[in-house]
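J.: Sequence:
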Amino acid sequence: LQQLKKSRLLPAAEEITTAAAEEITTAASEEIMTAASEEITTAASEEIKTAAAEEITTAAAEEIMTAASEEITTAASEEITTAAAEEITTAAAEEITTAASEEITTAASEEIKTAAAEEIMTAASEEITTAASEEITTAAAEE
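Sequential numbering from 1 applies to the sequence shown in our numbering.
To be clear, the hints were calculated from the coordinates, so they are not data collected in a lab. Errors might be hidden in some of the hints.
To be verified - DEER-style ranges, computed between Cβ atoms:
#1 Ser77 / Glu55: 31 to 41 Å
#2 Ile120 / Ala140: 21 to 31 Å
#3 Ala44 / Ala84: 30 to 40 Å
Here the structure is a predicted model, which is why all the values come from computation and not from measurement. Even glycine gets a Cβ: it sits at the ideal position worked out from N, Cα and C.
The task is simple: from the sequences and hints, build the whole structure.
T.: Put into structure tokens, the structure is as follows:
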């Protein structure tokens, strides 16, 4: 009877042990796979976040540099334009002043010459008239 019990229980015990071992192995395998999957996902997520942050930082830096470059170029262009305008204005003012001064000098010189010529002609005419009058008076007196 003992022998019979043993012969029947042994295969059942082996069966139970095998089934339990398979259950434990499957459960452990699933646990390991889940944990590994979570680790991989976390690591990948961090890699993606880091790469995205670097991309965003690089793009932002390029945007800032481009904007700053445009600002500097615009400011420099305005400075150059202002300086050039001032140079042109100064040069033009000097040209106008010089030309006006020459015009005034020429006009004044012509006025002085004309006035002097009129003075000389008037004086000469008076001299001639006086001399002629004296000649006439002397000739008349002699007559």
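J.: Now tell me, hint by hint, if it's right for this structure.
T.: Here is what the structure says about each hint:
For Ser77 paired with Glu55, a C-beta distance near 33 Å keeps the hint of 31 to 41 Å intact. For Ile120 and Ala140, the hinted distance range of 21 to 31 Å is satisfied, since their beta carbons lie about 30 Å from each other. Ala44 and Ala84 have their C-beta atoms about 59 Å apart, which leaves the hinted 30 to 40 Å range violated.
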